[in-house]
Amino acid sequence: MTGIVAYAAYLPLYRLARAEIGRAWGSGGKGEKAVASHDEDSLTMAVAAARECLKGQGGRKVDGIFFASTTAPYREKQAAATIAAVLALPAETYTADFGGSLRSGTNAVRAAVDAVKSGSLKNVLVLVADCRLGMPNGASEMAFGDGAAAMLIGSEGVLASIDSMYTMADEIIDVFRSDRDRFVHAWETRFIRDYGHGRVMPQAMKDAAMKAGVALADFARVIMYSPDQRQLQAVTKTMKLDPAKVQDSFFNEFGDTGAAQVFISLAAALEQAKAGDKLMLAAYGNGADVFALTAAPAIGTWKPSRAISYYMNTKLQINTYEKYLRWRQVIELEPAATAPMEQPSPVALWRDNKSGLNLHGVKCRKCGTPQYPAQRVCMECGSKDDFEDYSFSDKPAVLATFSHDSLGISADPPTTVSAVDFEGGGRITCDMTDRDPSEVKIGMPIEMVFRVLRYVGGFYTYWWKARPKRD
Amino acid sequence: MESIKDKVAIIGMGCSKFGENWDKSADDMIIEAAYEAYEDAGIEAKDIGAAWLGTYVTEWTGQMLSRALKLDYIPVTRVENACATGSDALRNACYAVASGACDIALAVGVEKLKDSGYTGLPDFELLRRQSNTYRTRTYSPPGHFAMMATKYFDRYGLSPEEGKKVIGQIAVKNHHNGALAPKAHFQAETTLEKVLAAPMVAWPLGLFDCCGVSDGAAAAIVTRADLAKNFRADPVYIKALQIAVGPYEGYMSPKYDWCHVEETVRAGERAYAEAGIKNPREEISMAEVHDCFTITEMVIMEDLMFSERGKAPDDVRSGFFHLDGGLPINTDGGLKCFGHPIGASGLRMMYEVYKQMQQKADKRQIKNPKLGLTHNLGGTPATCSVSVIIAGNEKG
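These protein sequence lines are chains A and B, in that order.
First residue of the first sequence: 1, per this note's numbering; consecutive thereafter.
First residue of the second sequence: 1001, per this note's numbering; consecutive thereafter.
Some clues are possibly wrong.
If you anchor each label on the Cβ, the simulated ranges turn out as follows [said to hold, decoys possible]:
hint, chain 1, residue 1, chain 2, residue 2, range
1, A, E92, B, A1198, 56 to 64 Å
2, B, E1020, A, V347, 57 to 65 Å
3, A, D385, B, W1060, 28 to 36 Å
4, B, W1060, A, G56, 49 to 57 Å
5, B, R1067, A, L325, 30 to 38 Å
6, B, A1198, A, S309, 39 to 47 Å
7, A, K77, B, T1191, 21 to 29 Å
8, A, D385, B, P1254, 20 to 28 Å
9, B, P1254, A, F459, 30 to 38 Å
10, A, R182, B, A1188, 48 to 56 Å
11, A, Q272, B, A1198, 53 to 61 Å
12, B, W1060, A, N353, 29 to 37 Å
13, B, E1020, A, E342, 24 to 32 Å
14, B, R1067, A, G382, 40 to 48 Å
Covered by chain B, according to a simulated footprint, are these stretches of chain A (three or more residues, beta-carbon under 8 Å) [said to hold, decoys possible]:
hint, stretch
15, 282-290
16, 343-349
Straight-line alpha carbon distances no greater than 16 Å define the calculated EDC-like cross-link-like pairs of lysine to aspartate or glutamate that follow [as the list claims (entries may be wrong)]:
hint, chain 1, residue 1, chain 2, residue 2
17, B, K1255, A, E423
18, B, K1367, B, E1283
19, A, K55, A, D394
20, B, K1255, A, D421
21, B, K1070, B, D1047
22, A, K363, A, E342
23, B, K1046, B, D1103
24, B, K1255, A, E380
25, A, K61, A, E92
26, B, K1395, B, E1274
27, A, K441, B, D1154
28, A, K303, A, E271
No lab work stands behind these hints: they were computed from the structure.
Source: prediction; values computed, not measured.
Where is the CB? At the ideal position from N, CA and C, for every residue including glycine.
Full structure from sequences and hints, please.
So this is what it looks like as structure tokens:
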């Protein structure tokens, strides 16, 4: 049996009310959308989902990382390899990026299932994340939200088996973004309704059910990609599905999270599923991928520590639409009267990959003092080159002191500078993110998160930041 | 171990006008400071045996000093030690004459910051590509020192509002002193109300908690103590020259409390031992300390043992550090008002100590000057270079 052995979603902390977008443009809007923080992108959100998914999976050897997104940070440079380094996976890990379509997530899962079934890989972590941009004052801007999900595909301790995988290719120019554009464009809504999503999805789901040998009505849960609430209802009606069995796509809470949407919905469905439940998952994008799944007897034995409800309940509003434009760099601001950031050296970065990407420091073998970054001469006892590796990323921590620096370089000023003390020893000084400045207090619990530190000279520099424990 | 005490004397000093010197180049300011020092010492350029140039970012090489002053093919070396750069230039010059390598040495500090177009200091770490890696900080100097304020207030039970009122009084005092210093960058009194209403730079520090970013130069001419009286009747004798450089511990160890600066404590202890000072609060007549931010000055008072731990706020409130107080601090306005051209600051501080020791500080003159102290802090509270230099008007 091959299928999902662990899963988790990740939704950024921030929300933007659609009414606030409407305020800017003199229109209205219902609900809200999840918005990646100014220092998040699809890669960092994938890392966040991966870390949740792998909690308690220490004994399981992950030998593949598949990253799927239409919004990978690079056109040429693999995100999966970066993520493997962040997760400290061995060099022989098979890494691959999938992209180009909102089906990239299901493309990756199918490849993972095939690899596990064939025996070429044992446990593949599929990470799906999207952070799409719609043009200001457009329907896509209202609809799109940011989010990620992780699915660990394996054959031992399966929570939900993937029984059948159906696919259908369909050439159409309905929703697209060329290599020359930052913004996603969509052709007329009525065309998409009648000949795009509205035509392909019912057909594919019917055919998939037939292939799986399960009557549509026997699926306890149907999870389908939908660009918005109305289209979800329209297809539900066309297919005569029981609306109670159709999984909510969280359009009003998170927005259309692109390739990640069906996996965030699947995570919600799996949280509720009972052994034996049949689930259908249908992704759309120049055709459709449809999976038939069955909740396994083990389904109740494992749940992600951060459920969908957790992401709904832990949130912070972006108060103004202008702040959102700034975060997404849709508008260009007058540069501060300060020295511009210089391009870091890729050579220095490469030497430093372990402590930079994995937040690895060292622990002195003589005196036991954890230190970050890695040292060669012990700060405490002076012994030389006598250390073992020591990771700080998952250690509980508290805030030793902080300030709110208005001169710091940040898209979310002021920069909250923080000194973080770790349980078991060690201190790191870094930026704090996802915080309400008025709520920051000495001694507050901190968790470390992987974020974009800066983009200078044509490449991203990622590092870790402190965040007030999100709960 | 021998001590530097009474082996070297300063026989001439000069200081340019500090400020936003749009119409002056670094060379112009060097010339202004150096020629004042020549005249003060009664020497000419040809009398100088060796020279040190302290500059942090203005030039890479000391050759600019020889170029500006047309020095006669003597040894010239650039030194750098963050904000303690000027003090380190003086230290090198003192060691040169003490060793007998030359009879007269020149130390000049200069910085030209206002050609940059930046309102604050450039973020030096981001300018260097080699060390520019993952951990590169994206925050400013005020951001670092503000962390000390946050922690100090927290530890001693001051609300941010109460804490800001205490450190605000340091700004008011330094503005008062600066208003009496004709070469200072800012020469205007201010009030606590104005200080507290100023815009935030790095919470909890507001604009008036931060020193100026200035252009300027200062110079000192030193000779062996036994030769000093050949040049003038009132030389000022070096009693201690100490520098302490931290190993980055504050950023890596939870032991660091963000309520003191270990480098200041170490350099201070060594300087007092070298000068034979037992009770700094009583024995030091006045001090010029590195008030890059108001919180820094307050913590320095404890680190240099002028106040007991946690008690500096009481001394600030009582006016102990005012011009007419028990231990006047930053009598020329300090970094806050005299200005902070990085490489020049240490020598500017010594310029004020020198004038005070000679009873030539005009309206700022303190009573019964005997020993003066300069203190520079280059870096951040968690790791820095600190210099402590003590000088006096009597040879022991």
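Here's how the hints hold up against the structure:
no., hint, verdict
1, E92(A) / A1198(B): 56 to 64 Å, "58 Å, holds"
2, E1020(B) / V347(A): 57 to 65 Å, "39 Å, violated"
3, D385(A) / W1060(B): 28 to 36 Å, "34 Å, holds"
4, W1060(B) / G56(A): 49 to 57 Å, "55 Å, holds"
5, R1067(B) / L325(A): 30 to 38 Å, "50 Å, violated"
6, A1198(B) / S309(A): 39 to 47 Å, "45 Å, holds"
7, K77(A) / T1191(B): 21 to 29 Å, "56 Å, violated"
8, D385(A) / P1254(B): 20 to 28 Å, "24 Å, holds"
9, P1254(B) / F459(A): 30 to 38 Å, "34 Å, holds"
10, R182(A) / A1188(B): 48 to 56 Å, "50 Å, holds"
11, Q272(A) / A1198(B): 53 to 61 Å, "56 Å, holds"
12, W1060(B) / N353(A): 29 to 37 Å, "31 Å, holds"
13, E1020(B) / E342(A): 24 to 32 Å, "26 Å, holds"
14, R1067(B) / G382(A): 40 to 48 Å, "44 Å, holds"
15, 282-290, "violated (count 0)"
16, 343-349, "holds (count 5)"
17, K1255(B) / E423(A), "13 Å, holds"
18, K1367(B) / E1283(B), "13 Å, holds"
19, K55(A) / D394(A), "10 Å, holds"
20, K1255(B) / D421(A), "10 Å, holds"
21, K1070(B) / D1047(B), "13 Å, holds"
22, K363(A) / E342(A), "32 Å, violated"
23, K1046(B) / D1103(B), "12 Å, holds"
24, K1255(B) / E380(A), "11 Å, holds"
25, K61(A) / E92(A), "12 Å, holds"
26, K1395(B) / E1274(B), "14 Å, holds"
27, K441(A) / D1154(B), "10 Å, holds"
28, K303(A) / E271(A), "7 Å, holds"
Going through the hint list in order, the structure does not satisfy hints 2, 5, 7, 15, 22.
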